[in-house]
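Place chain B on chain A using the hints.
One letter stands for each residue in the lines below.
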Amino acid sequence: MTTAAPDSQGHSAGHGHKIGFIGKYIFSRDHKIIGIQFLFSTLLWFLVGGLLALGIRWQVAWPWAEMPVIGKMLFSGQGGQISPEFYTLLFTMHATVMIFFVIIPILAGAFGNFLIPLMIGAEDMAFPTLNMLSYWFMWPAFACIIASFFVAGTSGAAKAGWTSYPPLSLTDNPVTGPKFAEHWHLVVSGQTLWLCGLAFVGVSSMMGSINYMTTIIQMRAPGMTMFRLPMTIWAMFITAILQAFALPVLTAATFMQLLDRTVGTGFFIPPHWSANNSIPTAGGGQPLLWQHLFWFYSHPAVYIMILPAMGMVSDMISCFSRKPLFGYKPMVYSIAGIAGLGFIVWGHHMFVSGMNPFLGMTFMVSTMMIALPSAIKVFNWLGTVWGGNIRFTTAMLFALSFVSMFIIGGLSGIFMAATPVDIYITDTYFIVAHFHYVLFSGTAMGVFGAIYFWYPKMFGRMMNEFWGKIHFLLTFIFLNGTFFTMHILGVAGFPRRYADAYHFDLFRPLQPLNAFMTYCAIGMVATQIIFALNFILSMFFGPRAPRNPWHANGLEWQAPSPPGHGNFDFQPVVYRGPYEYGSPEVDSDFYPQTQPPPESQRSAELDPDPSKAVPVH
Amino acid sequence: MAKFWSLVFLLVPILGVAIFAVSPGYKWWLPPDISVHGRTIDHLFYFILYLTGAAFVVTEGALFWFLWRFNSTDNRDPVKFTHGSHALEVVWTILPAATLLFIAIYQMNAWAESKIDKPQMPSTLEVMARQFEWRLRYPYPHPNLSDPQDVEDCKLGGKKNIFLVNDLHIPVNEEIVLDLKSADVLHSFFLPNMRVKQDAVPGMKIPVWFRATTTGTYDLACAELCGWGHYKMKGRLTVESRAQFDEWLVKKYQEQQATQEAPAAAKSEDSP
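Chain order of the listed sequences is A and B.
Using this note's numbering, the letters of the first sequence correspond one by one to residues 1 to 617.
Using this note's numbering, the letters of the second sequence correspond one by one to residues 1 to 272.
Honestly, the hints are just simulated from the structure, not real lab data.
Owing to the predicted nature of the structure, the values given are computational and were not obtained by experimental measurement.
Among the hints, erroneous ones may be present.
[Unchecked claim] Chain B is nowhere near these chain A residues, computed Cβ spacing over 12 Å in every case:
id: 1; residue: F75
id: 2; residue: F142
id: 3; residue: M396
id: 4; residue: L411
id: 5; residue: F415
id: 6; residue: W467
id: 7; residue: L537
id: 8; residue: F541
id: 9; residue: P549
id: 10; residue: G564
id: 11; residue: Y579
[Said to hold, decoys possible] 30 Å max Cα-Cα, derived BS3-like pairs, lysine-lysine:
id: 12; chain 1: B; residue 1: K118; chain 2: B; residue 2: K252
id: 13; chain 1: B; residue 1: K252; chain 2: B; residue 2: K181
id: 14; chain 1: B; residue 1: K80; chain 2: B; residue 2: K155
id: 15; chain 1: B; residue 1: K232; chain 2: B; residue 2: K205
id: 16; chain 1: B; residue 1: K252; chain 2: B; residue 2: K205
id: 17; chain 1: B; residue 1: K155; chain 2: B; residue 2: K118
id: 18; chain 1: B; residue 1: K234; chain 2: B; residue 2: K160
id: 19; chain 1: B; residue 1: K80; chain 2: A; residue 2: K469
id: 20; chain 1: A; residue 1: K329; chain 2: B; residue 2: K80
id: 21; chain 1: B; residue 1: K3; chain 2: A; residue 2: K469
id: 22; chain 1: B; residue 1: K252; chain 2: B; residue 2: K159
id: 23; chain 1: B; residue 1: K232; chain 2: A; residue 2: K72
For each residue, glycine too, the CB sits at the ideal point set by N, CA and C.
In isolation and in its complexed conformation, chain A is listed as follows (with noise of 0.2 Å):
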């Protein structure tokens, strides 16, 4: 099994061989360090994400308005005001960046790499060098979208909205210019800058589930059986088999749309079609055909944008309530549950795309059978938190504040599960208003949760807990503030992607609840200010964290913090689960996995698998 990555493995702590430094922190190859490099990469994307949903907010709130400051800076040439083209670009790459480079990246990208080894007792992953070119592929990604800001004109950035949508998506604006460019502008325009990006991604993605799915398998530490692993790995590791199996669809369609662009095949193109009074093409394909392509990959990735979260919560949950997680197995089942189901959903997507009506009937009962698994697993953690003794961390404030937000998330979606009423409220705020529930309020929030609960282990130093629950109270109110009322817009019909709504007489009362909310949006981004400051500082000032800050059962809290090469500076062998909070057997309340039981009990509970042990060098 050390086969695999001979190099990375088998030494200890700081007796490794030279690696200078851009073998150390650049093109490393330790998990950790990648996690790392995946972590801060997706935080600054968050941050230009959330700039650009503040010129979302912006114009919603004020249409044409003169932005303070930006405006003059940005828009000079149009009275300082967001144009309508350049409105459709800001939520197009809110979506797109918030999605592809921070959510996906920093659950499975960040908190997979530096989690998985530590928590299953591993040294580092099964293919380190394919770790590393996962970041890497990130990269091209990162520079595809860069660049499609700064294509020339308005034909420029993809402006498809992040769904991308054809025949809209392989249309661009009537080009001005000189003849030449009329095919040349197909090539380099935002789009298909847009579609390379994501094809980056798409690599990324799947060179890291190949590598978590081995890793969990092959190289758990002697005793680790699968229901020994931490909700965290089993999320992980069932995020990772849903991005092997949708992945591909999605890198098809994407190619798809890159033919359909550039050479002048008729995927998505109906017969005799033509846009903006361009000569007709042959077409001979199907609009609809890329969006169930499209959703046969974006509604298993939504729940690979929720399910490492769901996990990492369990973990603070119960580790904060002193208690053993509530109903382990049935939490590892609504997982799995979930995954299964969610690849025979993708519909609810299309209910009136013009798909056959009857479909979108056995779509909705899939749909309303999915929310069970999700209900399950609030009962759980309410279970968790119930008779415990809760301590409210920072994290566990984020991670409670996940659950509460998370019903709110799953509960609306039973609204537009209901076929009938989704008719009215698709493609309105109300559906804006549930997925920033659930990946707002419910994913950033845990892992939010995840970066205090784990910042000792990976800087080895603790944020400041003062600090950290300004953050979350302010994030708190300012989030539910924004969120919380989109689905009131949303009731009132208000639909999404409008640069000005207000000219229709049915809209024009909702003008003060969108200036209400893009206060509170404004007031949340301020708001990260706090965190950004917390997370830098706390790593050169923050004191020093002992290997086991919060009294956790984790195997990853047996390891120096922060670990060095190698992880571990003892062969972890495991004795339970992870969750023996509270257990009788010991004095303390935490009874850590690598514990050994007492005497009376050894010989009767010690069954480790040597063949699953990493041998020690």
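Chain B alone, transformed into the frame defined by chain A:
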């Protein structure tokens, strides 16, 4: 501080319910319904709203209570060392499963009425969506019944049709079937007051049907991103009596006949 944090979580259900309770008073709510399907859809919406509202209050309330009761500052009871309960798992699997299945079956008729059971009748009009307007095509309402050629011409798609942009008129209390098409990209035909929404797909002809119950003027919006001008793809829906509707069609037809000669004259002036 532990009590404070518990109360922060209590604010979620309290403010959540409060916002939903006061919004209708500010007209931040479902627009007035003027259709038959709309009534069914609104009924379903309220049914789900009350059901999820109850689940929301109960679960968030439970979360608050557990945090309040079991926080480490005040709670002196030993931790309940339990790994779960098989009985509870069964209960909270079966109860939501049954509820969800009930909702799924309960709504099927409403979906069928809106999207599957198309009324057996000729289409009332054709709607061609394009960047960024709604092009409408009506049949002429008074064919000369003794002239078979005229009857043929007056049908939808015939020579004697009326062409309009963004000005959608329909008769009240009559079933309307329209053929929805798109000339360029995806659009979505959205009548908020009717709870009607259907994407227009280039290359497809999709039937949409509804029945209005109240006369008046309402908004028609596009609900699927169709380009930079998506937001301004606005039409006006006028619901009126059959007599007014026919009269309006005839008037529009006469205007159309008059302008059909005018452009020819204008053309000769324009050309150098």
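Tested hints:
1. F75: Correct as stated: the minimum Cβ-Cβ distance to chain B is 15 Å, above 12 Å.
2. F142: 25 Å, holds
3. M396: Check fails; 9 Å does not lie beyond 12 Å.
4. L411: 4 Å, violated
5. F415: 6 Å, violated
6. W467: The claim stands: A:W467 keeps its Cβ more than 12 Å from every Cβ of chain B (closest is about 15 Å).
7. L537: At roughly 23 Å from the nearest Cβ of chain B, A:L537 sits farther out than 12 Å, so the non-interface label holds.
8. F541: 24 Å, holds
9. P549: Given a closest Cβ separation of 16 Å, the condition holds.
10. G564: A:G564 clear of chain B: closest Cβ-Cβ about 33 Å, beyond 12 Å.
11. Y579: Violated, because the least Cβ-Cβ distance between A:Y579 and chain B comes to about 8 Å, which does not exceed 12 Å.
12. B:K118 with B:K252: 29 Å, holds
13. B:K252 with B:K181: Roughly 22 Å between the alpha carbons, so the hint for B:K252 and B:K181 holds.
14. B:K80 with B:K155: 77 Å, violated
15. B:K232 with B:K205: 24 Å, holds
16. B:K252 with B:K205: 25 Å, holds
17. B:K155 with B:K118: 19 Å, holds
18. B:K234 with B:K160: 26 Å, holds
19. B:K80 with A:K469: Holds, at about 27 Å.
20. A:K329 with B:K80: Holds - the C-alpha atoms of B:K80 and A:K329 are around 19 Å apart, at most 30 Å.
21. B:K3 with A:K469: Holds, at roughly 14 Å.
22. B:K252 with B:K159: Between B:K252 and B:K159 the Cα gap is close to 15 Å, so the pair holds against 30 Å.
23. B:K232 with A:K72: This hinted pair holds, its Cα atoms lying about 25 Å apart.
Of the numbered hints listed earlier, those contradicted by the structure are 3, 4, 5, 11 and 14.
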